[in-house]
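Chemist: Residue numbering for the sequence shown follows numbering that gives the first Met the number 0, beginning at 0 and increasing consecutively.
No wet-lab data here; the hints were simulated from the structure. Among the clues, some could well be false.
[Unchecked claim] Derived CB-CB ranges, DEER-like:
hint	residue 1	residue 2	range
1	A52	A326	12 to 22 Å
2	A45	T67	24 to 34 Å
3	A41	I273	29 to 39 Å
4	W315	V258	16 to 26 Å
Idealized CB from N, CA, C, for every residue including glycine.
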Amino acid sequence: MDTRRVGVRFALSLLALAAVAYAAGGGRVLDALAGTDPWYVALAVATSLVSLACFVETFVRAVAVVETRRMRARATYLAGSFARNLLPWGNVASATFVTYAIARDAGTGYERALAAVAADEYVATATSFVAVAVGAGFAVTGGTGDLAAVAAAVAVAGLLVAALVVAVARARPRRLLTAVTAVTDRLQRLAARVSPRAAAALDAENVSARLTGFDRTLRAIAADRSRLAAMVGFGLLGWGALAATLHYAAAAVALSVPVSVALAVVPLAGLAAIVPLPGGIGSVDAALLGLLALTTGAPTPVAAAAALLYRLVGFWLHFALSAVSVAFAPVPLTVR
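Construct the complete structure from the given sequences, taking the supplied hints into account.
Modeler: Structure, rendered in structure tokens:
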């Protein structure tokens, strides 16, 4: 890990966050934060911790098909969360790291660990679409039609894409295998000119064996209905707890945000994490501010105060806990 580069990007993200706060009103944002209700802050912290625990348990059940040591799996999730929130493009980097760590610790093939991690990511994504759809459905009757239209479109599109991918993978596994091996065959011919090792890794038999291992692991997870139900249940509860966190954080600065609206806003704001800043610092805050101002009609400084407080008890609290976990139960943040 290039710590200097990470440090520079982290500093830039903090500057972006400061710019968001300044643009929203600066001193007026601080005034709104100064009057926070500690009782609501405590409730926001509690529900934030519940959300983290739920997402951890979703991951633990997904990877149990290859890693049966639950405490080790929890430590790996928190290490991955630390990497995701520290690095730009953290979702991709952390998934790679977590897959490698699971494969190494469980002594299994990378493709099997990848399938387990992919199952966790799929459930997290699918349940976020459900959260947006449910929140939008309730928001329609609450007079937030603009948000409802956007949220419903995102939810429906996401669910259709996810359903299509799963349907193809389950109903036409041979066609999927043929398509992948056709691509890797061409890549192998190109790689042979540069690296014999890479060419060997792209050999058709090797690729086929790894895809088979990947497919069998996914099917093992899907076949265990109690495991799958627990994963989906924890995923939905996690998003619900995050919505409650935003609800209470907003209430702490005297802003009323219905849980149904928060349920749609939280996943939508998270899409801003695609900006290559660690943890979406600055970008997610700005998106959340805009969505809160749109749905509540609150003054910009108050909406900014609610967004910043939510991120403090959500993102920053989770980041601190994952850092402590890495420090005291270290999972090496390196891939060899």
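Chemist: Confirm or reject each hint.
Modeler: Structure-based check of each hint:
1. Judged by the Cβ atoms, the range 12 to 22 Å given for A52 and A326 holds: they are separated by roughly 20 Å.
2. Distance hint check for A45 and T67: the Cβ-Cβ separation is about 30 Å, which falls inside the suggested range of 24 to 34 Å.
3. For A41 and I273, the Cβ-Cβ distance of about 32 Å falls inside the hinted range of 29 to 39 Å, so the restraint holds.
4. At about 22 Å, the CB distance of W315 to V258 agrees with the hint of 16 to 26 Å.
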